[in-house]
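Chemist: Sequence:
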Amino acid sequence: MKKMIHTIIILMITASLQAQVSLEECQTMALELYPLRQQTGLIEKARESSLDIADSTYLPRLILSAKASYQSDVTAFPLSLPGVSIEEMSKDQYQVLLNLNQTLWDGGKTASQKQLINASSHADRKTLDVELYTLKSRVNQLFFGILLLEEQLDQNSLFISDLETNYTRVLSLYDYGMAQNSDLNSIKVELLKAKQARTELESARQSYRSMMSEMTGLTLGQDTELLRPQGTKKSSSAVGMNRPEAHLYQAKQDVLEAKTEIIHANLMPRLGAYVQGGFGRPGLNMLENSFSPFYITGITLEWSLDSFYSRGSELKSIEIEKQKVNSQLETFLYNIELQIKDQISELERLEQLIEMDSQIISFRREIKEDAEIQLENGTITVSDLLKVINEENMASQKKSLHEIQRLQTLYELNYLMNE
8 MKKMIHTIII
18 LMITASLQAQ
28 VSLEECQTMA
38 LELYPLRQQT
48 GLIEKARESS
58 LDIADSTYLP
68 RLILSAKASY
78 QSDVTAFPLS
88 LPGVSIEEMS
98 KDQYQVLLNL
108 NQTLWDGGKT
118 ASQKQLINAS
128 SHADRKTLDV
138 ELYTLKSRVN
148 QLFFGILLLE
158 EQLDQNSLFI
168 SDLETNYTRV
178 LSLYDYGMAQ
188 NSDLNSIKVE
198 LLKAKQARTE
208 LESARQSYRS
218 MMSEMTGLTL
228 GQDTELLRPQ
238 GTKKSSSAVG
248 MNRPEAHLYQ
258 AKQDVLEAKT
268 EIIHANLMPR
278 LGAYVQGGFG
288 RPGLNMLENS
298 FSPFYITGIT
308 LEWSLDSFYS
318 RGSELKSIEI
328 EKQKVNSQLE
338 TFLYNIELQI
348 KDQISELERL
358 EQLIEMDSQI
368 ISFRREIKED
378 AEIQLENGTI
388 TVSDLLKVIN
398 EENMASQKKS
408 LHEIQRLQTL
418 YELNYLMNE
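Plus 7 on top of the position in the sequence shown (first one is 1) and you've got this note's numbering.
FYI, nobody ran anything at the bench for these hints, they're computed from the structure. Any given hint could be a false lead.
Stated by the list, open to error - Below, in silico cross-link-like pairs of lysine to any residue (SDA-like), each with a Cα-Cα straight-line distance of 25 Å or less:
| hint | residue 1 | residue 2 |
| --- | --- | --- |
| 1 | Lys133 | Ser144 |
| 2 | Lys329 | Lys375 |
| 3 | Lys133 | Ser57 |
| 4 | Lys348 | Ser144 |
| 5 | Lys52 | Ile70 |
| 6 | Lys406 | Arg212 |
| 7 | Lys375 | Thr172 |
| 8 | Lys202 | Lys348 |
| 9 | Lys329 | Lys74 |
| 10 | Lys133 | Pro42 |
| 11 | Lys133 | Met222 |
| 12 | Lys133 | Gln257 |
| 13 | Lys116 | Arg372 |
| 14 | Lys116 | Ile269 |
| 15 | Lys406 | Ile367 |
| 16 | Lys143 | Ser57 |
| 17 | Lys143 | Val81 |
| 18 | Lys375 | Lys348 |
| 19 | Lys323 | Pro276 |
| 20 | Lys74 | Leu294 |
| 21 | Lys394 | Asn106 |
| 22 | Lys406 | Glu376 |
| 23 | Lys348 | Arg413 |
| 24 | Lys116 | Leu308 |
| 25 | Lys74 | Leu105 |
| 26 | Lys394 | Ile374 |
| 27 | Lys143 | His271 |
| 28 | Lys200 | Arg372 |
| 29 | Lys266 | Tyr65 |
As the list claims (entries may be wrong) - Per label pair, the in silico range of CB-to-CB distance:
| hint | residue 1 | residue 2 | range |
| --- | --- | --- | --- |
| 30 | Asp62 | Glu309 | 49 to 57 Å |
| 31 | Glu358 | Gly319 | 54 to 62 Å |
| 32 | Asn188 | Lys394 | 38 to 46 Å |
| 33 | Glu309 | Asp99 | 16 to 24 Å |
| 34 | Gly224 | Arg68 | 50 to 58 Å |
| 35 | Ser297 | Ala118 | 44 to 52 Å |
| 36 | Gln109 | Leu58 | 48 to 56 Å |
Glycine included, every Cβ here is placed at the ideal spot set by N, Cα and C.
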């Protein structure tokens, strides 16, 4: 808990001082604040408690008991000897017993139970890791969504600036009688539409930033810059095996293996020692009809044969469960491999599109510059110019979209491989 608080404080101070937030910082903060993360400590406490219970098997057992009875008949000697008087046993008998039992060897059952406890706890942690890992994907999607909106806002600002510049140009032509009032109104309409789009983009960005702030605890103000990550393409020889899901399936196999060990341990005998002390009438001497103390000590060997009856069925059931887990792992790895191939193809497609986007924008910019000259010369209309400006704006937006999509695809690829 102290480590978590320390991490949160450092990240929040860093973010406030630099007014910059990286994707990795958002991921770390989201994980630290996620309520489910609290289960990490609970899982460990449950493990320690279960181990303490298992260890108690080798603690001495004290049992205090008492009984009083009345019986219809007692043991008596059928012969009478001259000069010898044998007192008849009382039919009411009393005993107070204190038994001390100590397990010397339980056939390995305690060790097997502790192995199962550790394996189950490990599987619980891996299940938690899977849940936390999906949170990373949600943060990625939200982060890149904000980057895309901000890139669209930047393009929108350039578009508005371009329209305003051309409005000034057309206004100058209007003053000289070379343009109509409708030409000015056409540009005004485009400006209003661009500003409408900006309002929608700003609203969406604010909504996304608020969600990110809620998930991370970071205050993402208007001046807080989200750093565009410098993604690098990575490769892995063990596709999917680094994923927490793969580790979870292995942990499930360990649990089943521990259950197998318990089945084997149940077949073994148990060795113990005991001491019994008591006080009662009669004591160990049945001929003495009076209250007396006594004790008995010794060792015990117990071997229950019941486990042999169900051993085969239990082992077969566990083997079936192992096969099911293996099948689940193979299915997971198969799907991950397909997704990775799909993301690699998508990455290659986007890289080709970005390369062509740059060429298209260059041509669109030249076309727009020529159109502006043609407008001043009166060879094209304002509507023609607006069409050219819109086409250049759309080309720039497509490139921005493809660049963000490429980064997101790259991080999705690394997410799939857990690199």
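Chemist: Indicate, hint by hint, whether the structure satisfies it.
Modeler: Now the hints, each set against the structure:
Distance restraint check for Lys133 and Ser144: the Cα-Cα separation of roughly 17 Å lies within the 25 Å cut-off, and the hinted pair is therefore satisfied. Only pairs whose Cα atoms come within 25 Å are accepted, and Lys329 paired with Lys375 is rejected, the gap being roughly 67 Å. For the hint pairing Lys133 with Ser57, the CA-to-CA distance comes to about 18 Å; that is within 25 Å, so the pair holds. A hinted pair counts as satisfied when its Cα atoms are at most 25 Å apart, and Lys348 with Ser144 qualifies at roughly 18 Å.
For the hint pairing Lys52 with Ile70, the CA-to-CA distance comes to about 30 Å; that exceeds 25 Å, so the pair is violated. For the suggested pair Lys406 and Arg212, the alpha carbons sit about 19 Å apart, so the restraint of at most 25 Å is met. Between Lys375 and Thr172 the alpha-carbon distance is near 13 Å, which keeps this suggested pair within the 25 Å criterion. Under the criterion of a C-alpha separation no larger than 25 Å, the hint pairing Lys202 with Lys348 is inconsistent with the structure, at around 41 Å.
Our distance criterion of 25 Å between C-alpha atoms is broken by Lys329 and Lys74, whose separation comes to about 51 Å. Of the pairs offered as hints, the one joining Lys133 and Pro42 holds, with about 16 Å between alpha carbons and a cut-off of 25 Å not exceeded. A threshold of 25 Å between alpha carbons decides the hint, and for Lys133 with Met222 the separation of about 22 Å falls inside it, so the pair holds. Pair hint Lys133 plus Gln257 holds up; C-alpha atoms about 9 Å apart against a cutoff of 25 Å.
About 79 Å separates the Cα atoms of Lys116 and Arg372, which puts this hinted pair outside 25 Å; it is violated. For the given pair, Lys116 sits about 6 Å from Ile269 by alpha-carbon distance, which is consistent with the 25 Å threshold. In summary, the hint linking Lys406 to Ile367 is supported, as the alpha carbons are separated by about 9 Å, within the 25 Å threshold. For the suggested pair Lys143 and Ser57, the alpha carbons sit about 32 Å apart, so the restraint of at most 25 Å is broken.
A C-alpha spacing of about 80 Å is found between Lys143 and Val81, which places the hinted pair above 25 Å, so the restraint is violated. In summary, the hint linking Lys375 to Lys348 is not supported, as the alpha carbons are separated by about 40 Å, beyond the 25 Å threshold. The straight-line distance between the Cα atoms of Lys323 and Pro276 is roughly 23 Å, inside the 25 Å bound, and the hint therefore holds. Simply put, Lys74 and Leu294 have alpha-carbon atoms about 20 Å apart, close enough for the 25 Å limit, and the pair holds.
With a C-alpha separation of about 99 Å, the suggested pairing of Lys394 with Asn106 is violated against the 25 Å cut-off. Between the alpha carbons of Lys406 and Glu376 the distance comes to roughly 20 Å, so the proposed pair stays at or under 25 Å and holds. Our distance criterion of 25 Å between C-alpha atoms is met by Lys348 and Arg413, whose separation comes to about 15 Å. With a CA separation close to 15 Å, the supplied pair Lys116 and Leu308 stays within the 25 Å bound.
Proximity of Lys74 to Leu105 is assessed by CA-CA distance (about 12 Å); at most 25 Å being required, the pair is judged to hold. Proposed proximity of Lys394 and Ile374 is supported: the alpha carbons are some 11 Å apart, at most 25 Å. The straight-line distance between the Cα atoms of Lys143 and His271 is roughly 42 Å, outside the 25 Å bound, and the hint therefore fails. Between Lys200 and Arg372 the alpha-carbon distance is near 21 Å, which keeps this suggested pair within the 25 Å criterion.
Between the alpha carbons of Lys266 and Tyr65 the distance comes to roughly 21 Å, so the proposed pair stays at or under 25 Å and holds. Separated by about 20 Å at the C-beta atoms, Asp62 and Glu309 break the suggested range of 49 to 57 Å. At about 59 Å, the beta-carbon gap between Glu358 and Gly319 stays in the expected band of 54 to 62 Å. Separated by about 20 Å at the C-beta atoms, Asn188 and Lys394 break the suggested range of 38 to 46 Å.
The beta-carbon spacing between Glu309 and Asp99, approximately 34 Å, falls outside the hinted interval of 16 to 24 Å. Judged by the Cβ atoms, the range 50 to 58 Å given for Gly224 and Arg68 holds: they are separated by roughly 52 Å. For Ser297 and Ala118, the Cβ-Cβ distance of about 48 Å falls inside the hinted range of 44 to 52 Å, so the restraint holds. Taking 48 to 56 Å as the suggested C-beta distance range, the pair Gln109 and Leu58 does not conform, at roughly 20 Å.
When held up to the earlier numbered hints, the structure conflicts with 2, 5, 8, 9, 13, 16, 17, 18, 21, 27, 30, 32, 33 and 36 and fits the remainder.
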